[in-house]
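Undergrad: Here's the letter readout for the chains.
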Amino acid sequence: MQTLLVASRKGLFVIRGSGTDWRISAHHFPGDPVTQVMTDPRSGHWYAALRLGHFGAKLRKSTDQGTTWFDVGTPAFPPKPTTGPLAEDPMPWNVEMVWSLTPGGPDEPDVLWAGCMPAGLFRSDDAGKTWTLNKPLWEDPRRMLWMGGGNDYPGMHSVLVDPRDARCIRVAISCGGVWKSSDAGASWELSARGMTANYVPGEAEDDQNAQDPHRMVQCTAEPDVLWVQHHCGMYRSTDGARLWQSLTPPAPSDFGFAVACDPTNPLRAWFAPAQSDTFRYPVDGRMVVTRTEDGGQTFEVLDNGLPGQDAYHLVYRHGLALAPDASTLAMASTTGGLWISPDAGNHWHCVSRDLPPVAALGWVTPA
Amino acid sequence: MVTVTFAPSLRRHVDCAPQSVAPGSLRDALETALLAAPDLAPYVFDDQRCVRKHVAVFINKTLTQDRKTLAQPLQAGDQVLVIQALTGG
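Protein chains in written order, with the working numbering: chain F, 1 to 367; chain B, 1 to 89.
In isolation and in its complexed conformation, chain B is listed as follows (with noise of 0.2 angstroms):
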């Protein structure tokens, strides 16, 4: 399974557990773990269902790029950490 994990600034606006679902691609694990806390996803997608620019989508210890695909497949055992990424300052 991989597990997808939402930072408490986001789960201060809408709490989500962390979540355990199936692999797949990287969309799959973000749209299947919203499912938990719907009220979520606006926070992580924008209008378009793309990763908001100002939030951050690790797989284990890497940043992904790809905000608007999110094509990239996971494997059993993968760590998704969805936070809100520093953008100076």
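Okay, chain F solo, but in the shape it has when bound (with noise of 0.2 angstroms):
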């Protein structure tokens, strides 16, 4: 028995079973939408990011696998400076969205790390109970160049904390590049070298600070191997992305939001295609995912299982989740698609396709 957690528009589903039984076994914040979802490894316990569009955002813990739920504290930007050049920023310091959450590395059991919209980086040490603002990024005078994307403002969706050393973060911003930190926040460099925005004057396509990877995972096994769905294709560092190479752009196509990767084998990635930015569902309405199995040389199609035509599901960032058995997949979509693969993708068993649009999907980690 597996269990997925899936935020979605309209509250967070539990959903359990094996093989092609799945079932909706319960559903919590029912009509709220639901942005974020963590399980932490360490602990046990469940994290859920709500956006209450009256109220703002919230962070709520569980600590019985979601038979109750209680606030913690939520990221919060501190006073906005009224002198010095901070006080000219454009940016509202407010969170809009909790955008990604991450525990801290084993040897710290209380840390959390959010990346949230507007595009700050939080820290709690505390297991969510108190959150603080990363200072030296967000007071960085390159923050300031940050774009949108297709938001209001730039968002930070993965925060990557690397297993051989939790001071090492990488967090990656839409749009605002790839960054890293080696000393657990205290000061950070860009690490997008090798991407390229084409929605940017030509001079500056190459510009790290510019660039839109719209997700970033890392293999548990060899962490220097990453890998970014990225705006304007897809990306793999062998390095810990102080270089990225391009992949040469497989069929259908290289646009899309998802990426996971094996946490086991450093050569295995899946995508979520979709046809471009401006026709944001799959190619000719047939759903599809992508798997390479040699780094990104090379791509199959896998559709067995998936709406053949007629689809216009997207799956966002955080909708392709690999579950802890590195063999069961699963997917969600904006229009309500939930499928499931007990073999990392060659066939997929469709859940449901009325759910409210999926904004995120978390694997609990067996005990």
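There is no bait here: all hints are sound.
One-sided excerpt, in silico: chain B residues whose CB lies under 8 angstroms from chain F:
1. HIS13
2. ASP39
3. TYR43
4. HIS54
5. VAL55
6. GLN84
Below, simulated DSBU-like cross-link-like pairs (lysine-lysine); rule was C-alpha separation at most 35 angstroms, straight line:
7. LYS53(B) - LYS80(F)
8. LYS10(F) - LYS68(B)
9. LYS53(B) - LYS61(F)
10. LYS80(F) - LYS61(B)
11. LYS10(F) - LYS61(B)
12. LYS135(F) - LYS53(B)
Some chain F residues well away from chain B (every beta-carbon gap over 12 angstroms; in silico):
13. PRO90
14. PRO136
15. ASP165
16. ALA184
17. THR196
18. ASP206
19. VAL283
20. THR298
21. ALA323
22. ASP354
23. THR365
It is worth saying that the hints were derived from the structure and are not from the lab.
Computed from a predicted structure; not experimentally measured.
Backbone N, C-alpha and C define an ideal beta-carbon position, used for all residues, glycine too.
Please dock the two separately framed chains into a single complex, following the hints provided.
TA: Take a look at the structure:
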């Protein structure tokens, strides 16, 4: 029996099952938008980020696998300065959305990281009770050049804690490139060399700070291997994000938002392609997943069990998730489709076509 | 005294009975009332301690426009109502 958490526009669904038998076993926060979900493998605790239309971003926590939930602290910006260069910052200093939740290292059991929109990075040292803005990154003058990329504000959707050293943090921002810290956030460097943005003037297309990585993931077994689904293609790094290699565009498209990678095999990853930034739905209305087994040199198109025509699903950044068994793969869409594959994408089982729009998926790690 | 009431749409998240507070500014009244339910404050205020843009505050029958300073003075007998704003739809 496996458990999948589905963060949707109208609540958090708990899906339990195995093989081709999956059922909705619980529905939490009905009617409330849930933007992110995280289960902490260190404690077994569940976290859900809500985006209440009237009352702002909220973070809820459960220590009993969803039986009960309670408010914990929500990342919040400090008072905006009224003097100095930050007084002129056009960005609102209000957390509109918690977009990324990441546990700290195993040697720091109460540390959590949250990436938000606007793209502030927040750290909790008490398992979510309180949060502190990472000022070195927020106050870097290059932050002022970040762009919204389809949203009103830039957002931080990917926060990766290096499994070898929890002081090594990599984050990805739409649109603000990839950044790396080797000292737990005390200092930062851009880490998007090799990426190209075709939506800015030609002489600026290699500007690391202008890149729009839609999603970034890291191989647990070989953490120097990272994958990015970018606004303008797909990338892989084999040196800890110092340099990114563009992958040859596979059929049917190299545009999309989501990427998932195998935690044990640095050569294997999955993408959920859409036609283009203008046409955000599957090419020819045929939904597929692409998978590489050779580090992105070649891709297979996987469609067994997925809608073959007239399908207008889009898979958001966090809508493609591999279970801890490294074989069960889940995918969910903005039009309420949820599919689960027991065999790494070879065959798909439709769990539902009628869910609310799905923002994020999270597998529960067995205790 | 001034009565501060939070609508059911707020109280479904964090319950707070109507509060009776001393006359003063609107901010004084809201901040004092929220001492009874501190966890409700982030639902009413944003990170900058301004009233959230989709929250409406009425003084008696008048919708307040100022979300930032909240300096409007209140008189004994005034009724403050905090609700979710209906912003289209």
